Amino acid sequence: DGGITQSPKYLFRKEGQNVTLSCEQNLNHDAMYWYRQDPGQGLRLIYYSQIVNDFQKGDIAEGYSVSREKKESFPLTVTSAQKNPTAFYLCASGVGFGNTIYFGEGSWLTVV
Amino acid sequence: GIQVEQSPPDLILQEGANSTLRCNFSDSVNNLQWFHQNPWGQLINLFYIPSGTKQNGRLSATTVATERYSLLYISSSQTTDSGVYFCAVGPGTGTYKYIFGTGTRLKVLA
Chain A
4 DGGITQSPKY LFRKEGQNVT LSCEQNLNHD AMYWYRQDPG QGLRLIYYSQ IVNDFQKGDI
64 AEGYSVSREK KESFPLTVTS AQKNPTAFYL CASGVGFGNT IYFGEGSWLT VV
Chain B
34 GIQVEQSPPD LILQEGANST LRCNFSDSVN NLQWFHQNPW GQLINLFYIP SGTKQNGRLS
94 ATTVATERYS LLYISSSQTT DSGVYFCAVG PGTGTYKYIF GTGTRLKVLA
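If you're matching them up, the sequences are chains A and B in order.
Residue numbers for the first sequence follow our numbering, so the first one is 4 and each next one is one higher.
Residue numbers for the second sequence follow our numbering, so the first one is 34 and each next one is one higher.
Calculated from the structure, these hints are not laboratory results.
Please read these numbers as outputs of a predicted model, since none were measured by experiment.
Mixed in with the good hints there might be a few duds.
If you want a taste of the chain A side facing chain B, the calculated C-beta under 8 Å gives, among others [unchecked claim]:
#, residue
1, S10
2, P11
3, Y13
4, L14
5, Y36
6, P42
7, G45
8, G97
9, F106
Here chain A is said to cover these stretches of chain B; the calculated rule only asks that three of the stretch's residues, wherever they fall, bring their Cβ under 8 Å from a Cβ of chain A [as the list claims (entries may be wrong)]:
#, region
10, 74-88
11, 101-109
Beta carbons are placed, not taken as given, at the ideal position from N, Cα and C, and that holds for glycine.
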């Protein structure tokens with residue numbers, strides 16, 4: 004099936020540990036995105052990538068890192084520098100400029 | 034950066050009622066989408082509508098780009114329409130960036 008796959012769906016980590024969230028798409032989309040959503044809040048852009056080997060910071064990039072070595076993959080690392088990492092993380096992809104973006108099912112990260 | 038405000042923030046309807054959700058944005062945009070986030074967190078595409086009017090069943094949307102707003106109409110609401118509605122805008126040429134609005138939380142009562 005075509006789509007966007009995020010894993011894991013639920014993740015628990017101890018404070019101070021780095022965590023990597025996976026996002027894979029088989030839609031042949033150029034653009035990929037990571038958003039963070041806190042309970043009862045909207046979506047805030049962390050990073051986005053318009054093409055392989057290139058990515059740009061969003062509005063809340065501090066404490067996060069990404070890579071885009073393959074067109075289909077855009078992993079997000081939540082580092083120990085992120086002060087409040089507990090949140091719902093959503094990955095999206097799109098064909099590119101002037102087109103719809105589509106979302107994966109999200110990953111719930113809890114840091115204790 | 035561009036600001037995206039949605040109104041009302043919360044809305045409670047009786048099943049069968051109609052509603053209008055509004056999205057205002059502070060600068061010109063080249064992309065605009067409406068999403069529905071269901072209670073399980075999944076974001077579902079409703080419309081890609083940078084300008085003009087579209088309809089899909091009981092839902093329709095209108096964007097007036099020159100006046101920097103978009104409207105989402107829900108007619109004959111059902112309990113399954115409950116959730117949060119977001120608009121997202123792409124600010125301009127040369128970037129694929131999408132910024133989300135503040136959301137409207139809708140609850141439809143049986």
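Hints, verified against the model:
Nearest Cβ of chain B to the Cβ of S10 of chain A: about 15 Å, over the 8 Å cut. The hint is violated. With a cut of 8 Å, the hint placing P11 of chain A at the interface with chain B is violated, because the nearest CB-to-CB distance is about 14 Å. Because the beta carbon of Y13 of chain A sits about 12 Å from the nearest beta carbon in chain B, more than 8 Å, this interface hint is broken. Hint status for L14 of chain A relative to chain B: violated, with the closest Cβ pair at about 14 Å, above 8 Å.
A distance limit of 8 Å between C-beta atoms decides the matter here; for Y36 of chain A the minimum to chain B is near 7 Å, and the interface restraint holds. Taken as an interface hint, P42 of chain A does not check out: its beta carbon lies about 10 Å from the nearest beta carbon of chain B, beyond 8 Å. Residue-level restraint check for G45 of chain A holds (minimum Cβ-Cβ distance to chain B is 5 Å; threshold 8 Å). Interface restraint check: G97 of chain A against chain B, minimum CB-CB distance 7 Å, threshold 8 Å, status holds.
The beta carbon of F106 of chain A is positioned within 8 Å of a beta carbon in chain B (closest approach about 4 Å), and the interface hint is therefore held. Interface restraint, the region 74-88 of chain B with chain A: holds (6 residues with C-beta to C-beta distance below 8 Å; minimum three). Counting residues of the region 101-109 of chain B whose CB falls under 8 Å from any CB of chain A gives 0; the rule of at least 3 is not met.
In the structure shown, a violation is registered for the earlier hints numbered 1, 2, 3, 4, 6, 11, in ascending order.
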